[in-house]
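Chemist: Here is how the chains run, residue by residue.
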Amino acid sequence: MNVSDSTRTEVKKSEQQIAAEEPRTGRQLPGGTMLWVLLALCVLAMALTKGVFIRPSNLTTVLFQSSVIGVLAIAQAFAVLCRGLDLSVGATAIFSALVVGGASSATDSFVPHLPLPLAILAGLVLGLVIGAVNGFLTGRTPVPAFIITLSTYLVIVGVTFLVTNASPVNNPDPLIRKFGDARIGGLIPAPVLAWLVFIGIGYLLLNKTKYGAMLYAVGGNETAARLSGVRVPRVKLLTYGTAGVFAAVAGILFLARTGTVLPSDGGSFMLDSIAAVAVGGISLNGGKGRIRDVVLGVLILAVASNLMNLMGVSQYLQAAVQGAIILVAVGANLRLAKGRAE
Amino acid sequence: MSTEMTSVSTPATGRVGTGPSRVWSRLAGGLSAWVVEGLFLLVVLIGFIASPQFLTTFNVDSLLHQAAILGVLAVGQYLVIISGGFDLSVGAVVALTGMVSAKSVSEMGLVSLPLAVAAGGMMGLLSGLAVTFGRIPPFVATLGVLGIARGLAFTVGNQGVIITDQTILNINEASVGPIPLVAIIWLIVIALVFAFLRLTRTGTYFFAIGGNADSARLAGVPVARIRIIAYVLSGCLAGLAGVLFAARSGSGSPGIAGGWELDSIAAVVIGGVSLFGGSGSLLRAMLGTLIYLMLTNIMNLANVDAYVQNVLKGVLILAAVTIPALVQRRRSIGRTSS
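Chains A and B, in that order, give the protein sequences.
Going by the numbering used here, the residue at position 108 of the first sequence is 108; the numbering climbs one at a time, nothing skipped.
Going by the numbering used here, the residue at position 104 of the second sequence is 1104; the numbering climbs one at a time, nothing skipped.
Extracted from the complex, chain A is given alone in its bound form:
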């Protein structure tokens, strides 16, 4: 009796497991839930603004303003997929922007003058070095990534203010500004195109390389990954290194867009990047999520913010609404994921 009971439950369990593994196409919306949320939000925005939202000039503005956070959110997604977090991405972006702007500037600044390609390279290397420090510490110590990157964040902000003496960088190479203002085909801003390129790079890294597979493995179950031979510390080193480089790219895009960078800029970058990743539906417990989700998360927050701007909602209330969006979206995503798994 006992034996038959236990076997029966075992059979049941395995049936459940099989059911869980099979994709339930019937319950999922094509393109994922968040795509439909974005579309619904766009329809709502169109209705509420009586069509102002859908004007090409407004749409390109939304995309233009998302490009920096868009690349930064990809950096954050790498860390989150690896079951971590990178609180230093915003500070890294601004530090890199200041270095590139300062080095390519014709006037005197805190860094020696370099030709533009070398200045950009310096900014990217800076991002890589910061990311490597994060990755090394995250891989070699059992300390949670968020504490490590929190400490490096504090250090980066301190060093940034120290070396720049808190003064802004105003005159980057004119080519950088030209890039920021350029419109491809008279419509699509060049930074948006750069964003698309880095979405592509992120996609290739995650989906078409052995490293990408290992990243998902480590994020999903670190012990299992280690036992099957993945060198976890090295994967983390690569992950945070990549995040650092992407953050530096975001900083350079920010420089191109604004032309002036203050050491105190980018205060909201860190939270915005986490918000985008979370809203897009990437699991904060690691191992689950795609580049597409990050892009959707960025766009949903950008459209919501644009809608509130068009409707004249105060900047302060927007922070509260953004907080609420994060809570609702993450909660809903988790519920949906759970519903699908059961």
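If you're looking for bench data, these hints aren't it; they were derived computationally from the structure.
Please note that the accuracy of each hint is not assured.
[What the hints assert, rightly or not] Over the 12 Å line for every Cβ pair with chain A, so calculated as not near, a few chain B residues: (1) Ile1185; (2) Arg1201; (3) Asn1212.
[Claimed, not checked] Not the full set, but computed from the structure, chain B residues with beta-carbon under 8 Å of chain A: (4) Phe1139; (5) Leu1143; (6) Gly1147; (7) Arg1150; (8) Gly1151; (9) Leu1152; (10) Asn1158; (11) Gly1160; (12) Val1308; (13) Ile1317; (14) Thr1322; (15) Leu1326.
[What the hints assert, rightly or not] Between beta-carbon pairs, the in silico distance windows are: (16) Thr258/A - Phe1058/B: 58 to 66 Å; (17) Val197/A - Ile1049/B: 51 to 59 Å; (18) Gln315/A - Thr1164/B: 25 to 33 Å.
Every residue gets a Cβ at the ideal spot worked out from N, C-alpha and C, and that includes glycine.
Got chain A; can you put chain B on it based on the hints?
Modeler: Just chain B, lined up with the frame of chain A:
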């Protein structure tokens, strides 16, 4: 995929401790029992040597005022951390409740204090519900609440409010003998929470769910309820800290206290509390608060540049977390995985 990966490297299940590291870990194991107290005395000594002003009545008094505010905040953070979470919203809640008390004090007098504490408690409840019923990771849930609290603080008033009412200002100025009233409030909070954790069943549950939530649940601990209590208490204490800070600065301001959540986490962590939950002493966490503030104070007295201070703080937090974690890992090799 797995067959591909086995060729990548030999599985490293954990390195066996070599001779010197075992000696080092045993030494550190013995030291860690009183390392926080030792660090505290060391910092006092450094302060005494570095600056003649460090142990003056004026400086100690101002240190106690700061310590009371950060200390009350750190008690709340401690409660959340030992039960296995984080509260990143405390800084924004300080700003919100400071605004609430500053706005309401002229009409309501001392009633504004419980009002501010209740406002903080509401924010904590929101975090707690998001973490338990929303199943959102604490980090993101309290980040969302941070945004909400900050937005509400600016909605209460987007300009600072000067407090003219003497009832609140008195909290900051009053003292019992040589000890400022705010420090006594801090001590009372510590005593109450200490007794709560030691003497009540709910108190022991905090450690149980922080140590291992699944075993605690199987043993019949109401995990969700305890988590919510932890966040509500943290919110209430942040509300109290908000009133204390409003009293100290003589105003409420919606933009203040950015980064205090990090300060409170740093204070607790320096006090040797495990970030993974389940262990750590409240009194050591309070010593950690004092150590953290004294270091800032000493750097100020020694005219260390504010930016350099930021760098040093970051390095300090990293060292405070990494070193014990590494020592513990060396000691527990073979016992645990991951």
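Chemist: Please go over all the hints and tell whether each is borne out by the structure.
Modeler: Each hint tested on the structure:
Every C-beta of chain A lies more than 12 Å from that of Ile1185/B, the closest at about 29 Å, which supports listing it as non-interface. Even its closest Cβ contact with chain A, about 29 Å, leaves Arg1201/B beyond 12 Å, as expected for a residue assigned away from the interface. Once the 12 Å rule is applied to beta carbons, Asn1212/B is consistent with being away from chain A; the minimum gap is 16 Å. Because the closest C-beta pair between Phe1139/B and chain A is about 6 Å apart, less than 8 Å, the hint holds.
At a threshold of 8 Å, the smallest CB-CB gap from Leu1143/B to chain A is about 6 Å, leaving the interface hint in force. The beta carbon of Gly1147/B comes within 3 Å of a beta carbon in chain A, closer than 8 Å, and the hint placing it at the interface holds. For Arg1150/B, the suggested interface contact is upheld, since its CB lies about 5 Å from the closest CB of chain A, less than 8 Å. Residue-level restraint check for Gly1151/B holds (minimum Cβ-Cβ distance to chain A is 3 Å; threshold 8 Å).
With its C-beta approaching chain A no nearer than about 6 Å, Leu1152/B sits inside the 8 Å limit, and its interface hint holds. Hint on Asn1158/B holds. Least Cβ distance to chain A is approximately 6 Å, under the 8 Å limit. Nearest Cβ of chain A to the Cβ of Gly1160/B: about 14 Å, over the 8 Å cut. The hint is violated. For Val1308/B, the shortest C-beta to C-beta distance to chain A is roughly 6 Å, which falls under 8 Å, so the interface hint holds.
At a threshold of 8 Å, the smallest CB-CB gap from Ile1317/B to chain A is about 5 Å, leaving the interface hint in force. Here the hint on Thr1322/B is kept, as its CB sits about 5 Å from the closest CB of chain A, short of 8 Å. With its C-beta approaching chain A no nearer than about 6 Å, Leu1326/B sits inside the 8 Å limit, and its interface hint holds. At roughly 45 Å, the beta carbons of Thr258/A and Phe1058/B sit outside the given window of 58 to 66 Å.
Range check, Val197/A to Ile1049/B: Cβ separation about 56 Å, and the 51 to 59 Å hint holds. Checked against the hint of 25 to 33 Å, the pair Gln315/A and Thr1164/B passes, with Cβ atoms roughly 28 Å apart.
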